[in-house]
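Chain by chain, the residues run as shown.
There are 2 protein chains.
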Amino acid sequence: MQRNGIAFSNLYLGLVHYPVCDSEGRVICSAVTNLDIHDTGRCASTFAIPAAYIINPLDSQRELVRRIIVHWTKGAGARRNPYRKEALERVRMKATLLDAIREITDRHHRPVMTVATDARRRDGMITFSMLRRLVCNRQQPFLLLFGTAWGLAQEVLEQSDLLLAPIPGVSDYNHLSVRSAMAIVLDRLTGNRYTGGR
Amino acid sequence: MQRNGIAFSNLYLGLVHYPVCDSEGRVICSAVTNLDIHDTGRCASTFAIPAAYIINPLDSQRELVRRIIVHWTKGAGARRNPYRKEALERVRMKATLLDAIREITDRHHRPVMTVATDARRRDGMITFSMLRRLVCNRQQPFLLLFGTAWGLAQEVLEQSDLLLAPIPGVSDYNHLSVRSAMAIVLDRLTGNRYTGGR
Numbered sequence: 000m001q002r003n004g005i006a007f008s009n010l011y012l013g014l015v016h017y018p019v020c021d022s023e024g025r026v027i028c029s030a031v032t033n034l035d036i037h038d039t040g041r042c043a044s045t046f047a048i049p050a051a052y053i054i055n056p057l058d059s060q061r062e063l064v065r066r067i068i069v070h071w072t073k074g075a076g077a078r079r080n081p082y083r084k085e086a087l088e089r090v091r092m093k094a095t096l097l098d099a100i101r102e103i104t105d106r107h108h109r110p111v112m113t114v115a116t117d118a119r120r121r122d123g124m125i126t127f128s129m130l131r132r133l134v135c136n137r138q139q140p141f142l143l144l145f146g147t148a149w150g151l152a153q154e155v156l157e158q159s160d161l162l163l164a165p166i167p168g169v170s171d172y173n174h175l176s177v178r179s180a181m182a183i184v185l186d187r188l189t190g191n192r193y194t195g196g197r
Numbered sequence: 000m001q002r003n004g005i006a007f008s009n010l011y012l013g014l015v016h017y018p019v020c021d022s023e024g025r026v027i028c029s030a031v032t033n034l035d036i037h038d039t040g041r042c043a044s045t046f047a048i049p050a051a052y053i054i055n056p057l058d059s060q061r062e063l064v065r066r067i068i069v070h071w072t073k074g075a076g077a078r079r080n081p082y083r084k085e086a087l088e089r090v091r092m093k094a095t096l097l098d099a100i101r102e103i104t105d106r107h108h109r110p111v112m113t114v115a116t117d118a119r120r121r122d123g124m125i126t127f128s129m130l131r132r133l134v135c136n137r138q139q140p141f142l143l144l145f146g147t148a149w150g151l152a153q154e155v156l157e158q159s160d161l162l163l164a165p166i167p168g169v170s171d172y173n174h175l176s177v178r179s180a181m182a183i184v185l186d187r188l189t190g191n192r193y194t195g196g197r
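Each protein sequence line maps, in turn, to chains V and G. Each residue of the first sequence is one higher than the one before, starting from 0 at the first, in numbering that gives the first Met the number 0. Each residue of the second sequence is one higher than the one before, starting from 0 at the first, in numbering that gives the first Met the number 0.
Some clues are possibly wrong.
[What the hints assert, rightly or not] Per the computed footprint, the stretches of chain G lying under chain V, defined by three or more beta-carbons under 8 Å from a beta-carbon of chain V, are:
| no. | region |
| --- | --- |
| 1 | 30 to 44 |
| 2 | 95 to 102 |
[As the list claims (entries may be wrong)] Some, not all, of what chain V presents toward chain G, calculated at C-beta under 10 Å:
| no. | residue |
| --- | --- |
| 3 | Cys28 |
| 4 | Ser29 |
| 5 | Thr32 |
| 6 | Asp35 |
| 7 | Ile100 |
| 8 | Glu102 |
| 9 | Gln139 |
| 10 | His174 |
| 11 | Ser179 |
[What the hints assert, rightly or not] Distance condition first, Cα-Cα at most 20 Å in a straight line; then the derived SDA-like pairs of lysine to any residue:
| no. | chain 1 | residue 1 | chain 2 | residue 2 |
| --- | --- | --- | --- | --- |
| 12 | V | Lys84 | G | Arg120 |
| 13 | G | Lys84 | V | Lys84 |
| 14 | V | Lys73 | G | Pro56 |
I should point out that these hints are in silico values taken from the structure, not numbers from a laboratory. In this text, all values refer to a predicted model and were calculated from it rather than measured experimentally. Backbone N, C-alpha and C fix where the C-beta goes; we use that ideal spot for every residue, glycine too.
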């Protein structure tokens with residue numbers, strides 16, 4: 000595997016299921032999907048992200064995620080597929096964003112900088128290269144937030160320390176899946192685009 | 000939506016379910032998943048890819064995909080969610096790679112250049128920037144092939160005109176999901192990384 004990118008030990012992921020929006024802009028709690036858990040874990044492993052948080056306040060949802068993680072990291076799945084095991088070992092289940100922030104803070108002993116992502120352009124959004132430079136140069140941890148359903152709720156966007164520019168596509172269509180968006184963002188932030196691997 | 004990328008009217012996607020490999024390297028036919036169809040369509044719409052082919056020889060699988068496409072492009076799904084409609088309108092179901100190639104050839108009246116992707120480094124792989132330049136400068140159509148399961152079978156890799164370098168991660172882990180890989184590849188090929196959107 001050609002290693003061209005930068006491994007950030009201070010960059011974390013959060014896949015948020017609440018609070019997010021539905022198609023009408025109403026705040027909802029979305030359901031966790033099995034593929035999201037695996038794709039998130041595989042992205043985290045590929046880009047050496049120390050931990051990826053699945054955030055959902057419902058007990059039943061958290062129990063579901065917990066079972067999936069246990070199956071692939073300690074159970075039959077772990078024996079069958081070591082790559083899934085490695086991927087799922089980076090996935091953590093939290094009820095709230097605050098719980099994820101607390102865990103990261105405890106680990107780094109520094110305040111977490113939250114970076115919200117959104118498909119729509121808004122004032123004050125920083126570019127990928129600016130964020131990359133921040134994560135490279137700062138000791139503090141950064142938590143990249145991705146919203147499921149129709150995106151992070153307004154309150155999350157307003158309370159986040161930073162907002163990351165949307166992924167520029169080549170059309171007006173800006174409804175990339177959260178799985179696709181997460182992969183692209185990580186590649187843009189960590190990947191070295193100036194070598195042969197580009 | 001910030002438009003920074005290049006719209007290639009001669010770049011196509013193929014999501015291959017046969018022939019692909021299982022974890023032991025044996026040639027298998029993998030099953031189509033609903034999320035793959037949607038993510039593929041959404042990627043195609045975001046990056047203005049004219050068509051994305053789901054390739055699977057099994058009648059039952061093709062019927063399943065056909066129903067999903069019809070539901071979201073002509074049925075109840077189309078009325079409920081115009082973004083899904085737009086995305087699925089770019090998705091085409093084909094039994095074989097050859098069928099996809101034929102359709103593209105008929106449309107462009109030029110031979111198709113197939114470009115296989117793989118997670119492992121091999122001799123002769125071209126870089127992203129080389130492929131981008133080719134697609135920009137040539138009139139002929141290009142078909143980017145992504146393998147499900149454990150990747151494209153050896154015969155597809157050997158018969159493809161070109162092989163694209165793997166996505167460089169930052170670790171030895173190279174088991175990104177095909178959904179993630181497809182999104183990253185398209186962003187790398189079409190996206191303009193030298194503007195504010197970067």
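Hint check:
no. : hint               : verdict
1   : 30 to 44           : holds (count 7)
2   : 95 to 102          : violated (count 0)
3   : Cys28              : 20 Å, violated
4   : Ser29              : 14 Å, violated
5   : Thr32              : 7 Å, holds
6   : Asp35              : 9 Å, holds
7   : Ile100             : 24 Å, violated
8   : Glu102             : 22 Å, violated
9   : Gln139             : 20 Å, violated
10  : His174             : 4 Å, holds
11  : Ser179             : 4 Å, holds
12  : V:Lys84 - G:Arg120 : 23 Å, violated
13  : G:Lys84 - V:Lys84  : 36 Å, violated
14  : V:Lys73 - G:Pro56  : 36 Å, violated
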